[in-house]
Amino acid sequence: MVDSYVVNVDAAVYHLRDGDPEYLLIERGADEDHAAGTMGLPGGTMETSPDDPADPGAAGAIESTLRRELREEVAVEVGEVVVVTSGVFALDTGAPCLNVVCLAEHEAGDPYPAAPDEVAAVDWYTLDRLAGDNGDEADVPGFTRGYVEAAEAARTTDP
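Per our numbering: the sequence shown = residues 929 to 1087.
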């Protein structure tokens, strides 16, 4: 039997502070099924619900998943959503996962752990902090740094 992929959508949410980008990262809750306690981008899996069309041909499934997860996890709203990159990995359960990373500018809401069972903490990271270039040890997995780097490249590339 062939396993079906879980579809996960991560949000590289940014705002500009004094002209410099900061990206919203979360510390995953201690009881999360995958990567508990690690820093990452907010997001989650595509689900069958009124906010996520079950029809595979339905438009906007990635965007609606991203917007729902941001409201549920960190209580923020974003502007335009742009797909930046994707990749595959195995969940801690061994199930295969397709991860879709999107870029979106923060528009409203002060982020906080709105779903404390899923999100232990939130914080804005400069690119220097993310890379550990400010003297602090960045406790961010390399794949998350890579996702933010891809998002930043997309943000700064002329269409």
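Hints may be right or wrong, so weigh each one.
So the derived label-pair ranges between C-beta atoms look like this [as the list claims (entries may be wrong)]:
| id | residue 1 | residue 2 | range |
| --- | --- | --- | --- |
| 1 | R945 | A1023 | 33 to 43 Å |
| 2 | D1056 | P1024 | 12 to 22 Å |
| 3 | F1071 | H943 | 14 to 24 Å |
| 4 | T966 | E1008 | 26 to 36 Å |
| 5 | E975 | D946 | 20 to 30 Å |
Hints were generated in silico from the structure; no laboratory data involved.
For every residue, glycine included, the Cβ atom is placed at its ideal position computed from N, Cα and C.
Hint by hint, here is what the structure shows:
1. For R945 and A1023, the Cβ-Cβ distance of about 38 Å falls inside the hinted range of 33 to 43 Å, so the restraint holds.
2. The given range of 12 to 22 Å is broken by D1056 and P1024, whose C-beta atoms sit roughly 34 Å from each other.
3. At about 23 Å, the CB distance of F1071 to H943 agrees with the hint of 14 to 24 Å.
4. Taken as a hint, the range 26 to 36 Å holds for the pair T966 and E1008, whose Cβ atoms sit roughly 28 Å apart.
5. The given range of 20 to 30 Å is broken by E975 and D946, whose C-beta atoms sit roughly 38 Å from each other.
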